[in-house]
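Input sequences plus hints: build the corresponding full structure.
Here is what each chain is made of, one letter per residue.
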Amino acid sequence: MGIIDRIILTVYTVALLVLSALAVLIGVGWDKPAGVIRAALDTLNGRLTIGALGLIFLVSSARLLILAFRGRQPGQSVVHETDLGDVRISLDAIENLVQRVARQIKGVRDVRPQVALGADGLHAAMRVWVSPDVNIPELARDLQEEVGRSVQGVVGVALAGLDIRVENITTETRRGRVD
Amino acid sequence: MVAVIAALAAGEVEGVVGMSGGLVGGLSEMLGKSSLARGVKVEIGTHEAAIDLYLTVEYGARIPVVAQRVQEGVKRAVEEMTGLTVVEVNIHVQGLQAASPEETGRKRPLG
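As given, the protein sequences belong to chains A and B, one line each in that order. For what it's worth, the numbering used here labels the leading residue of the first sequence as 1, then goes sequentially. For what it's worth, the numbering used here labels the leading residue of the second sequence as 1, then goes sequentially.
If you're looking for bench data, these hints aren't it; they were derived computationally from the structure. There's no promise every hint is true.
[As the list claims (entries may be wrong)] If you only want the chain B side, here are some residues facing chain A, beta carbon under 7 Å, derived: (1) 62; (2) 63; (3) 64; (4) 67; (5) 89; (6) 90; (7) 92; (8) 93; (9) 94; (10) 95; (11) 96.
[What the hints assert, rightly or not] Not everything, but these chain B residues come out facing chain A in the computed CB check (under 10 Å): (12) 44; (13) 51; (14) 52; (15) 59; (16) 60; (17) 61; (18) 68; (19) 70; (20) 72; (21) 97; (22) 98.
Beta carbons are placed, not taken as given, at the ideal position from N, Cα and C, and that holds for glycine.
Spelled out as structure tokens, the structure:
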């Protein structure tokens, strides 16, 4: 679920909360909201507003329902075909691996990996934040070796390329100290 | 039922941390789908079955090796218990997760 859908879901839930609370209050006998709605129905602008609100709810309900039933998007994956069936390793899983391995290397403060399937194989790119006390070419070489080795070992596929981009040199840790 | 057998068989394989329910928000789970069979998709004919498994694998494990064990274990379990011929077991590795004892220990409150 993307960030936009999360926002929609949050707003949707809060709006429903408010509406249901209003409905309860109206049921108990608070007649002002009903009066406001009736008054709004008498003007064109009011009707448009109510119609638009209804439309927004309709669209977001439909979207959330579709999301829930469509299931997770397949996403891209590395495929090994075996006698017993396919083994698909999602690129998310590989990114996860790259990140964990890279973070364990001394001098690396933070890593944002991105893995993609190209025509010639699996490519990884990562943005790294490093400590000020490291030699960056050496660190980059270590990173490439370590990450390449563990991807080969864990996923069973060699990386066709591994690009490193040093985003910044920093002393602060951008992540929590524990996983 | 086949899905539950497959899920249990997969969960017994070393290196498998869990199944990832293929559905966003778990809405369908709330609608009554068995959570035991989470992350399993099964296609069953009269004599044959094809199974898709959505797994989370332990960080550090060799995925092809784990996947092969899962395929074998699931195929054996399903064939023995149901008599269906399993034509394929497709593995979808959705993520990696650390499964060290100290991590599970940390989550558990003391005492």
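We went through each hint and held it up to the structure:
no.	hint	verdict
1	62	6 Å, holds
2	63	6 Å, holds
3	64	4 Å, holds
4	67	4 Å, holds
5	89	4 Å, holds
6	90	4 Å, holds
7	92	5 Å, holds
8	93	4 Å, holds
9	94	5 Å, holds
10	95	5 Å, holds
11	96	5 Å, holds
12	44	15 Å, violated
13	51	8 Å, holds
14	52	8 Å, holds
15	59	6 Å, holds
16	60	7 Å, holds
17	61	7 Å, holds
18	68	7 Å, holds
19	70	9 Å, holds
20	72	7 Å, holds
21	97	8 Å, holds
22	98	7 Å, holds
This entry does not satisfy hint 12, going by the numbered hints stated previously; all others are met.
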